[in-house]
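Since the structure of chain A is provided, determine the placement of chain B on it from the hints.
Chains A and B, in that order, give the protein sequences.
Quick note, my numbering runs 40 ahead of the 1-based positions in the first sequence.
Quick note, my numbering runs 53 ahead of the 1-based positions in the second sequence.
Careful: at least some of the hints might be erroneous.
[To be verified] Dumping the calculated DMTMM-like pairs for lysine to aspartate or glutamate here, alpha-carbon to alpha-carbon at most 20 angstroms:
hint, chain 1, residue 1, chain 2, residue 2
1, B, Lys62, B, Glu107
2, B, Lys160, B, Glu133
3, B, Lys62, A, Glu84
4, B, Lys156, A, Glu84
5, B, Lys156, B, Glu132
6, B, Lys110, A, Glu146
7, B, Lys75, B, Glu120
8, B, Lys126, B, Glu107
9, B, Lys75, B, Glu61
If you're looking for bench data, these hints aren't it; they were derived computationally from the structure.
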Amino acid sequence: DAGVIQSPRHEVTEMGQEVTLRCKPISGHDYLFWYRQTMMRGLELLIYFNNNVPIDDSGMPEDRFSAKMPNASFSTLKIQPSEPRDSAVYFCASSPDRWGRGLLDEQFFGPGTRLTVL
Amino acid sequence: AQRVTQPEKLLSVFKGAPVELKCNYSYSGSPELFWYVQYSRQRLQLLLRHISRESIKGFTADLNKGETSFHLKKPFAQEEDSAMYYCALRGSNYQLIWGAGTKLIIKP
Chain A
41 DAGVIQSPRH
51 EVTEMGQEVT
61 LRCKPISGHD
71 YLFWYRQTMM
81 RGLELLIYFN
91 NNVPIDDSGM
101 PEDRFSAKMP
111 NASFSTLKIQ
121 PSEPRDSAVY
131 FCASSPDRWG
141 RGLLDEQFFG
151 PGTRLTVL
Chain B
54 AQRVTQPEKL
64 LSVFKGAPVE
74 LKCNYSYSGS
84 PELFWYVQYS
94 RQRLQLLLRH
104 ISRESIKGFT
114 ADLNKGETSF
124 HLKKPFAQEE
134 DSAMYYCALR
144 GSNYQLIWGA
154 GTKLIIKP
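Looking at chain A on its own, in the form it has when it is part of the complex (with noise of 0.2 angstroms):
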């Protein structure tokens, strides 16, 4: 398994358009998590799924961020507008439901997109 792939590994976009992210979780994993991680604010959960439904999005900064789960292998993160604060890095993981542990198994990590806002 090549793991969890995330596509594009860069993007650098002018404010204003649109930016989609793109995830390819583990397959089997059941949990499925998007991530954003800056240096003033460290690594934050925005969002995660369960079996393709969206669970918790409290931590999805405004209605300017979506996130969609369509099937088990694929999950986009989008944003727009985009905005120059929307410039980080955003990982992918992902989790098995091993014996009905749910949100307790470890979490596999993707690559992360470098997302560059102008």
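Just chain B now, with coordinates in the frame of chain A:
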């Protein structure tokens, strides 16, 4: 409030010297704590969890409930230990609450 504090953004030690990466937490229940590591050009990955009481790559971490700490230690640092280290706490809603991270640099 549920919080994880890593007071050092950067820690630099010489090869062969002892290493201690500090982590303090705030949690009202029985905590479950983790250390994750990100080596250069690699993914963030689990290093160890307190519940396993394991030693990974020579690192150990002991939960001290009295001091609400979960410091990561290694008696003799190696150059390959240079990385970003994150302490994380399992919150009451089972999600991970992350510290800000400490960049560890091992000098030759």
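Has the given pair, Lys156 (chain B) with Glu132 (chain B), been kept, meaning a C-alpha gap of at most 20 angstroms? holds, 13 angstroms
Given pair status - Glu146 (chain A), Lys110 (chain B), alpha carbons within 20 angstroms: holds, 18 angstroms
Does the alpha-carbon distance linking Lys62 (chain B) and Glu107 (chain B) stay inside the 20 angstroms limit? violated, 25 angstroms
Within a Cα-Cα threshold of 20 angstroms, do Lys156 (chain B) and Glu84 (chain A) meet the stated pairing? Since the Cα atoms of Lys156 (chain B) and Glu84 (chain A) sit roughly 18 angstroms apart, the hinted pair holds (cutoff 20 angstroms).
Quick one, are Lys75 (chain B) and Glu120 (chain B) close enough, alpha carbons at most 20 angstroms? Cα-Cα ~12 angstroms, so holds.
20 angstroms Cα cutoff - pair Lys75 (chain B), Glu61 (chain B): holds, 7 angstroms
Does the structure keep Lys126 (chain B) and Glu107 (chain B) at a Cα separation of 20 angstroms or less? Roughly 12 angstroms between the alpha carbons, so the hint for Lys126 (chain B) and Glu107 (chain B) holds.
Please verify whether Lys62 (chain B) and Glu84 (chain A) have alpha carbons no more than 20 angstroms apart. holds, 17 angstroms
Would you mind confirming whether the straight-line C-alpha gap from Lys160 (chain B) to Glu133 (chain B) stays at or under 20 angstroms? OK: Lys160 (chain B) and Glu133 (chain B) at ~10 angstroms, within 20 angstroms.
Comparing the model with each earlier hint shows a violation of hint 1 alone; every other hint is respected.
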